[in-house]
Amino acid sequence: MGLISELESLAGELESALGQAVSLPEVEELRIAFMGRKGRLAELMASLREAPAEDRPAIGQKANAVKLAISGMLEDRIAVLRAQSAGREDFFDPSLPGRRPPAGSLHPITLVLNEICSIFEGLGYEVVSGPEAETDFHNFAALNFPANHPARDMQDTLYIADEVLLRTHTSPMQVRSMLERKKPPLAVIAPGKVYRRDSDITHSPMFHQVEGLLVGKDVSLADLRGTLAYLVRKLFGAEARVRFRPSFFPFTEPSAEVDVTCIICRGAGETAGEPCRVCKGSGWLEILGSGMVDPNVFKAVGFDEDCAGFAFGMGVERIAMLKYGIGDLRLFFENDMRLLAQF
Amino acid sequence: MLLSLQWLREFTPYEGTAKDLGERLTMLGLEVEALNRPCLDMEETLVGLVRECVRHPDSDHLSVCKVDAGGPEALQIVCGAPNVAVGQYVAVAPEGSSLPGGLKIKKAKLRGVLSQGMICSERELGLSEDHSGILVLQEAMPGRAFTPGRKAAEALGLDLEVLDIGVTPNRPDCLSVLGLARETALAFDLPLKVPSLERDGLEGGEGFGDFALEVENGEISPLYQLRLIRHLTAGPSPAWMRWRLRAVGQRPISNLVDVTNYVMLELGQPLHSFDFDRLRGRLVRVARAAPGERLVTLDGQERKLSPTDITIRDAEGPIALGGVMGGASTAIDGDSRTVLLEGAIFNPAIVRRTSRRLNIFSDAAYRFERGVDQRMTAFALERAALLLAGLGGGKAASVPLSLELKPLAIPRLPLRRARAAALIGIPLEAEFCVSTLRRLGCAVEEEKRKEADWVVTPPSWRPDLEREADLIEELARVYGVDRVPESIPAVPHTLDQAGQPESRHKFLARVKAWAAGAGLNEAVTFSFVGHRELDFLALPRQGRVGIKNPLNADLDVLRPVLAPGLLNALRHNLAQRAAGLRFFEVAAAFSEDPQSPYGTGVREEARLGFLLYGDRYAASWPRSSEDADYLDLKGLVEQFFTCLGLPAPEFVREATGEGAAYLDPAVSLRLNREELGSLGRLRPDLAGSFYAKKEVWLAELLLDKIFALSSKVKASFVPWPVYPPVRRDLTVIAPADLEAGAILAAIHAVRPEYLEEARLWDLYQPEGNTREKHLTWRLTFRHPARTLLDAEVDGIRDKVAKTLVEKLAVRL
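First to last, the sequence lines map onto chains A and B. Start counting the first sequence at 891; every next residue gets the next number (my numbering). Start counting the second sequence at 705; every next residue gets the next number (my numbering).
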């Protein structure tokens, strides 16, 4: 039998064999048997050398045609089998639970601190940090709290030694920043832990504050208002407004408490006809203390008393409670996973 | 400060509502914290006129009354009071009304007779403890007209609305009705009326005779005045005064005492009454206490005095603590006939020290330490003397005994309009400034020399106005800080602040972000813990930073390590049946350090703490339940170092040191011999206290040191090698107690040529053999400039293998 007819019968043989093949591995076996490196086609091609030279071109042509044909037949069969087996192979279930890495989280206080810091960094303030155990000088004296003055009653203090205490506010960072910078201008924001000798349902002996200080030329109360208006809109949304009420802090003058429109009733003072429980019907929530830096503070740090600046401080827990609807201050320090996992 | 609206109206004709007043005062810096309605409970009680009153047919102590309470028909009321009589105006709680304490009045039959209400005693109305008989309105408030059917509280002129005002420490002038009336008059542009002194209670002459007053110096008491009131009869104060004092939170005591409280609340000047007849000798002396002196104060407590305390003394010794509390020996009682009334000013700082040291927080001390108007003292003293004379039926000496060793010095303050306008950020009209300051009681003069626009003299009651800034604050306050426009300032920058390295804050924020990304949950725990907890963890006593005045014994020391806080978080969550916990915390640890850069004697180290417990993953399909172990913890630490671009640290088992106190095994973390933290398993004997039934894994990293190392790391690209690696595996059979690290170190000690990396590829414990373990090391060799030949690599590997067997107790 000539090579040509052997080549021709090859196609036929494959066709009938493929008819029997009902799975992809069987087809793969046939592909190897017919078209593999040591397969039937290769075998026949190896004997081409023995064929007479004048027959070789014809045989070559035939071989190419057969090769094309059989690879077509294999592909067709694969396509048919694939089509048949679609939906029948290993069942793929996209609804099974994924193999998740453990989910980490940042504490809600960190989230709010980060947010406040980045708002002020966006305005060009520098974030500074300092010690939590402070000297009386930085925490009180330089901030115009004279010794034996009733203003000190405003903050119940935890003492470590006679002149060393746990800072009762982040305001000592005003003093440290100005002493370090030596002269204006400066714009700093100081987040951190603060401590008071006070513990009940609305007071925690440790809590967090963010302090802000801007000292420059011609800084005004209007600038303070604008800056804090910017902050509350960023924090609570474009509708949030500030209200300033005169108040007293030894280290600022004038001083103002700052209220923000109640985020629950949106300033209406009531929800569904009932007085709003969060703002107690006033429509306002107190979130900040602020004011123009008192000249005595400038004097204490060696700044010219006629320079101007403003300072403000806010309680982070309070803001986190409002932002996330956390009703109980104590939850922040229990570290209950049922709370932490929500952030 | 509790302010009765009715009382306020005696000083200024404010006709608006309490709510409006509260809002205006709040916007003037006097925050109204609550609006109390002390008589709310007797809202439904009416004025009744007793028309008939007959004996109850079946009782010898009950009366049957017909009371006109304004309704179409008189009410029949059975009354048990002995003093009920026809013609009396009484307070009637009609059927269906309720009384203080929630008592609901119902129609009832008393021994067979219908009663349609109740005629009330003062106690039943919540006005006093008096239950001896019914309240007879015209006796309580003589001269007042009553109409049956009106609300009794209104008819009696009771203080119906009381504002609770938070007065900031800079405004002692607002600790009185007068002071708040000044602010109300300012807010609503109303006139101010000061009570007039009706001088009929005065008797002529000197009164004091040879009685002497001495004051040690003007520093302790700039002004000291006494008045003498004789022929008094002690008894209860009249109803109006008792009720008013109750409405503003004071307990009425007797006419001779209540007057001093009344005038203090009204005018802000604390006063004190001595029983003149109980003074020893004819002398009052104001002086510092002598060393070792004691005084029994009004509250019956014996106080040890300090030589800094101001005492009021008679000829023999102390009789009062000046400005703080009177003494028991000269206290007014029911037998007192002659009152020596004191009106004085005491040094605020000294009063404050004494009051704090002795824990006496009296109304007087509260006011003195904030500042009392020295120019009001004489008036208040005279007002009280006359009231006392009137209420106690006595006569006051017309002339006080007075020593003013240090007259009030009021500063004259220059004020620049431009400075005020710039600081507030609004244009300020000259006229506004001048009229505002004058309405506040300041004298304002034009400044001729033009360094300022005006020279301002504040009123005597505003000790807080000491500087220009204080005046500017007043202008802003009255203008309305809420009316100031909003502008965003340009934030100044300086070039020398540019290009600074990453701040500590940024680094710590980055650490937290990494930890959350690594699947850890951030905990925030208290910086203070209890010495007991630290003792429990066997941490050394030395170097701890204690709190001198802790809230309680669980919070009396600053934590030297983060572990206690994390363990508390563990305990809390295990009590909630948590199965797996992965906490981190970034916070300061505190220790004593005389060299502290902050000048506090306290070292504060930022630390990163980890706690792993229980399930490594949520133990449901497709994960199986596996507990976190040392390798999880160590892996976190290693990954942290990798993320910071730092080389892999060493982990060395430690027997001593901070971690070893409470960890077992304890491992210390080092890089280039520098100690960077510790990690390990909580000692099993301690774990139960935290409800832990599984292993608790803790790590604590010294972030300040790591920050310093990480800030030196510079990211740079290293091109990868061109020539291929050749790998050889080497399996070592080692005793179970030989550290893998020792084998690795031994491999490196051979300094094998071209060795790029040696890595533990497999660790296997043969079954049934706990004495040995199989460690397969994969050695990767590479030549920088050519392809290595199999034969040369085999040679190196064999050398390594041979050396290992020689140096260590291992076989191959």
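Worth flagging that the hints you see were computed from the coordinates, not collected in a lab. Since this is a predicted model, take the numbers as computed values, not measurements. Hints are supplied without guarantee of correctness; some may be wrong.
Here are the simulated DSBU-like pairs of lysine-lysine, each with C-alpha atoms no more than 30 Å apart in a straight line [to be verified]:
1) K1210(B) to K1213(A)
2) K1152(B) to K1189(A)
3) K1210(B) to K1107(A)
4) K1154(B) to K1189(A)
5) K1107(A) to K1152(B)
6) K1170(A) to K723(B)
7) K1409(B) to K1072(A)
8) K723(B) to K1072(A)
9) K1099(B) to K1210(B)
10) K1338(B) to K1124(A)
11) K1073(A) to K1210(B)
12) K1189(A) to K1409(B)
13) K1124(A) to K1213(A)
14) K1152(B) to K1083(A)
15) K1072(A) to K808(B)
16) K1107(A) to K1154(B)
Which stretches of chain B does chain A cover? Using the computed rule of at least three CB atoms under 8 Å from a CB of chain A, they are [stated by the list, open to error]:
17) 872 to 885
18) 1217 to 1223
Counterexamples of contact, computed for chain B against chain A with all Cβ distances above 10 Å [claimed, not checked]:
19) M731
20) R1123
21) P1163
22) E1190
23) T1346
C-beta atoms are modelled at their ideal positions from N, C-alpha and C, and glycine is treated no differently.
Hint by hint, here is what the structure shows:
no.: 1; hint: K1210(B) to K1213(A); result: holds, 24 Å
no.: 2; hint: K1152(B) to K1189(A); result: holds, 28 Å
no.: 3; hint: K1210(B) to K1107(A); result: holds, 29 Å
no.: 4; hint: K1154(B) to K1189(A); result: holds, 25 Å
no.: 5; hint: K1107(A) to K1152(B); result: holds, 28 Å
no.: 6; hint: K1170(A) to K723(B); result: holds, 14 Å
no.: 7; hint: K1409(B) to K1072(A); result: holds, 28 Å
no.: 8; hint: K723(B) to K1072(A); result: violated, 48 Å
no.: 9; hint: K1099(B) to K1210(B); result: violated, 76 Å
no.: 10; hint: K1338(B) to K1124(A); result: violated, 40 Å
no.: 11; hint: K1073(A) to K1210(B); result: holds, 24 Å
no.: 12; hint: K1189(A) to K1409(B); result: violated, 36 Å
no.: 13; hint: K1124(A) to K1213(A); result: holds, 12 Å
no.: 14; hint: K1152(B) to K1083(A); result: violated, 51 Å
no.: 15; hint: K1072(A) to K808(B); result: violated, 71 Å
no.: 16; hint: K1107(A) to K1154(B); result: holds, 23 Å
no.: 17; hint: 872 to 885; result: holds (count 4)
no.: 18; hint: 1217 to 1223; result: holds (count 6)
no.: 19; hint: M731; result: violated, 6 Å
no.: 20; hint: R1123; result: violated, 8 Å
no.: 21; hint: P1163; result: holds, 18 Å
no.: 22; hint: E1190; result: violated, 4 Å
no.: 23; hint: T1346; result: holds, 17 Å
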